[in-house]
Every structure is written in C-alpha cells, then in structure tokens.
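K.L.:
Numbers 1 to 490, taken from UniProt numbering, label the letters of the sequence shown in order.
Calculated from the structure, these hints are not laboratory results.
Do not rely on the hints blindly, as some may be mistaken.
[Unchecked claim] No more than 20 Å apart at the CA atoms, straight line, and that leaves these computed lysine to aspartate or glutamate pairs for EDC-like: (1) K59 with D108; (2) K489 with E426; (3) K272 with D291; (4) K476 with E426; (5) K153 with D176; (6) K266 with D210; (7) K490 with D319; (8) K212 with D270; (9) K212 with D241; (10) K266 with D295; (11) K453 with D425; (12) K266 with D241; (13) K489 with D210; (14) K212 with D176; (15) K272 with D210; (16) K153 with D237; (17) K110 with D82; (18) K489 with D319; (19) K266 with E426; (20) K490 with E465; (21) K153 with E426; (22) K490 with E426; (23) K453 with D443; (24) K489 with D379; (25) K153 with D82; (26) K490 with D291; (27) K272 with D299; (28) K489 with D425; (29) K266 with D299; (30) K272 with D241; (31) K153 with D172; (32) K266 with D319; (33) K272 with D82; (34) K59 with D291; (35) K272 with D343; (36) K341 with D270; (37) K490 with D425; (38) K212 with E426.
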Amino acid sequence: MTLKTFLSLVSFTIFFFVCTPVQAQLDSSFGNGGKVVTIIDSVYSNAEFDAMTVFPDGKIIASGWGAGGRLIIKYSDSGVVDSSFGAFGKRIDSFQMNGATSMVVQPDGKILTGGKYLERCLQNGQTDAAFGSNGRVSPLLDINIQIALTGNKIIAGGTYQNEIVLYQYNIDGSPDSSFGINGTVTTNFNGPGAGNYNNIMMRSLLLQPDGKVIVSGESFVTAIQSTAFILVRYNNDGSLDTSFNRTGKAYTYVGGGWAQFGRDAKLQPDGKILQCGAGGLGIALVRYNTDGSLDTTFDHTGICSVNGDLHEAHCVALDLSGNIVTAGITDSNQCSLRRIKTDGSTDSTFGINGRILTLLDTIAVANPYRVNLLHLYNDGRILVGGYIRSEPFLMRYLFKSHPSVIKQPANTIVHQLHVYPNPADESVTIISPPTNGALTIVDIQGHLITQMKVNGQPRVLNLSEYAPGFYLITIKASDGQIFYARFLKK
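Hey, can you work out the whole structure from these sequences and the hints?
P.N.:
Below, the structure is given as structure tokens:
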C-alpha cells in the first residue's frame with residue numbers, strides 16, 4: 001500500500017468516524033443482550049463493582065464488594081466468567097468491611113486491590129504470599145483506599161480522622177522510607193484563613209508522568225457552607241507541591257449547595273486535570289490548568305454543569321479524539337452516558353443531544369442502581385459497570401459508527417490491533433497479527449512517522465522522540481488484510 005493510498009484510507013476513516021452521529025445499541029455478543037449480572041450470594045446483600053481493568057486480549061477483571069467482603073471476578077471478552085481464575089472465576093474474601101474499591105494490575109500480571117487494606121493476588125486469583133504479610137498490608141486508613149503504581153513503588157491513599165493520608169510501599173509491601181516520614185504523609189486541610197474541611201473523601205489517585213501525585217475528592221468546606229471538589233498535589237518525596245495553587249491544595253464550588261460530590265478524575269495528555277461528579281441538579285465537570293487554576297477555555301469558567309433529570313457522573317474517561325465521556329445514573333433508574341467536547345460544549349453527535357440513556361431495571365426500590373465503572377475501547381465500544389439491585393453488573397455498548405461497520409475499499413479486510421498501555425508514556429507494545437507485513441505509523445494530521453517490517457511477533461515501540469498526541473498504527477499483512485489501532489502518547 002502506497003503512502004498516498006494509506007493516507008486516503010486514514011482520512012476517510014477519521015472523517016467518517018467524526019462526522020457520523022453516534023447511535024448506540026447494546027452489544028449482543030456480550031452476556032445476555034449486552035448485559036452481565038452476576039449473582040454472588042443469596043445471604044449477603046450489597047454486592048457491587050467499584051474497579052475494573054480490561055486486558056489486551058479483551059478479558060475483564062472487576063473488583064468490589066460481595067458476600068460480606070472483597071470480591072474479584074474475571075470474565076472473558078464475551079462476558080462469561082473465566083473459571084481459570086480463583087474459585088470458578090471468583091475470588092471472595094469474606095472479611096468484614098473489606099471491599100476492593102480500587103485495583104491496578106502490575107506489569108507482571110499480579111493484581112493489587114485496595115479497600116480496608118491492600119491485597120495482592122497472582123494472575124490465577126490465588127494469594128501472593130510474597131506481598132506484605134501473607135498477601136496483605138494494612139495501612140491505617142478508612143475503607144476507601146485508592147492505589148496507583150509508580151515504577152516499582154506502590155502508592156496507597158485514603159482518609160483517616162478527617163485527614164488525607166498517603167503511604168508509599170516497595171513492590172513487596174514494605175514501607176518506602178524515602179517518601180514522607182517512614183513512607184507516610186498526612187495532610188490536614190484546616191488552617192488559618194482556610195476554614196474547616198469536614199467529611200473529606202478521597203475518590204481518585206493520579207500519577208503525573210513526572211512522578212507527582214494528585215489526590216482528588218470532595219469535602220464540606222465551612223468557609224462556603226457547602227460541599228466542594230478538592231485537589232491536592234504532592235512532589236515525589238511526599239511534600240506538598242506549592243506550585244499548585246500556591247499551597248498544593250485547591251477546592252472548587254460547582255454550585256448546587258449540598259448536592260455536590262467529586263467522584264472521579266483523569267489526567268489529560270497536556271497535563272490538565274479533569275474532575276467529574278454532581279452539582280445541583282446535574283453533572284458537573286471541572287478542568288484545571290497544570291498550576292491548579294481553573295481552565296477558563298473549558299466552558300468559559302473551567303466548570304461545566306449539565307443540568308437535567310438529576311443526572312450524576314460517577315466516572316470520566318477521554319476518547320482517542322480528546323472528547324470527554326462520563327458515565328453515571330439518573331433518578332429514573334437509567335445509565336447515563338454523555339460526551340463533552342474539549343471546550344466543554346455538548347457533543348450533539350453522540351446519542352441524542354449528547355447523551356445515551358439505558359434503563360437498568362423496571363423495579364423501583366431505594367438506591368437500587370449505581371454506575372461506578374467506565375472503559376472506552378480503542379474500537380469505539382464502551383463498557384460500564386456497577387450494581388443493579390445489590391448485584392454487580394457489566395454492560396457493553398456498540399455504536400453504528402463502530403469501526404467494524406466503516407466501509408472500506410473492495411476486497412479489503414480490516415481488523416483491530418491490540419496495543420498497550422494506552423495512553424502510553426515511554427513505550428507501547430503492538431501485538432502484531434500472526435503473519436509478515438508492513439507497519440506504518442502516522443500522526444493525527446496524517447504525517448508519516450515511521451515504517452517497518454513485522455513478522456508476527458509483539459513489537460515494543462520506543463516513544464521517547466514522539467510528541468504528545470494521537471497516532472494511528474496500520475499493518476498491511478502479506479495476505480492483504482489490514483490491521484489498525486489508535487494510541488495516545490502522553
């Protein structure tokens with residue numbers, strides 16, 4: 001395939017994807033009509049999913065609460081429980097007040113979860129006895145521990161006695177004495193002129209490429225007599241980063257009095273920080289510049305409020321075009337997906353007027369539904385999860401502008417490539433098709449970046465000289481098939 005032909009195909013694909021209205025349907029190849037509801041235990045109630053990872057091969061691992069304790073389940077790409085994991089596909093740790101509210105998968109495949117304590121298991125779901133004490137580490141925190149990996153270090157954070165507390169551990173679970181005091185940092189928000197911060201909740205823990213740590217959450221602030229979104233940024237050693245809003249701390253009142261909460265946060269490739277949650281009667285999004293100030297290019301004020309139907313945004317993600325997708329619920333038992341453009345305006349090509357609503361259940365009971373999880377596939381599919389009437393669920397969407405239905409030149413077969421991690425920082429691994437072929441990479445403007453031969457083996461691509469942004473990988477196999485993937489360089 002010549003470069004001219006290839007760029008024509010790229011241009012056609014991007015034009016079709018951007019300009020076609022996105023109409024959703026549940027993915028019938030996933031679970032029962034696009035939905036998977038897993039019954040955990042007939043005795044214990046309040047089972048739910050709070051964290052999720054999708055592997056390059058499409059398998060899904062989700063964690064949360066179940067059977068009175070910590071729950072981890074692994075599924076195939078089609079939504080079938082993977083019986084090779086744990087006990088019949090599940091790992092259940094029936095220990096009181098010990099859900100798995102956060103999860104990361106290490107590069108070696110080991111699974112680290114956080115709740116009341118940290119726990120690590122092997123790829124097969126069995127306890128990793130080499131971590132901490134028989135697979136567990138118990139920081140002095142409340143039950144909502146958030147975790148992240150930075151190189152060969154583990155950062156765990158949460159709240160304790162109305163303070164934010166961070167712990168940094170070595171990969172074996174021992175404290176890292178180079179961080180804070182003996183591996184621990186405590187942050188009190190109260191102080192002269194600051195007013196009092198009560199009911200502080202940590203919701204997200206983010207890592208910048210330079211190693212700085214961002215804590216996101218919410219708190220009741222007496223100075224404004226309202227709940228507000230909060231952010232804290234730390235240097236690599238655990239000290240507050242005073243280049244961030246001068247104090248290392250920031251709070252934002254999004255409007256709506258008590259009905260505010262900051263549920264999730266994401267770091268954009270340009271370093272700006274997104275928070276999502278609720279404010280007043282609808283979804284609230286806040287975007288900050290790298291110095292902690294509000295980004296006034298985002299809906300003019302840095303705060304984007306979308307009112308209506310008591311919508312709440314519990315999770316946020318960025319698609320490969322830089323658009324913002326939120327997932328949450330309405331007061332009408334519906335899953336709510338919304339897409340916002342990078343400037344904070346509603347993307348009216350997504351669903352109906354920028355939103356997609358899906359009825360989760362027809363039975364009306366108190367607080368029966370929650371959408372806690374959101375994953376965007378490279379091929380345009382969307383996976384959400386949470387709980388329906390106290391049982392964990394996953395649900396997957398297809399779209400009519402899904403790449404599999406894009407018309408291609410005659411006799412050309414196009415397949416999706418797997419690349420990871422995505423977004424990527426220093427390198428990206430490309431899982432090549434099992435055949436010889438030619439690989440081409442272009443940037444979002446269609447400029448040729450590199451060309452190389454592939455032989456069916458995974459290839460690690462060094463990104464040290466790549467500028468931040470989106471790239472398109474295409475492999476033309478020797479039998480004429482075309483494989484593609486998009487990835488984001490941080």
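K.L.:
Hints broken by the structure, by number, lowest first?
P.N.:
Hints 4, 11, 25, 33, 34 not satisfied by this model.
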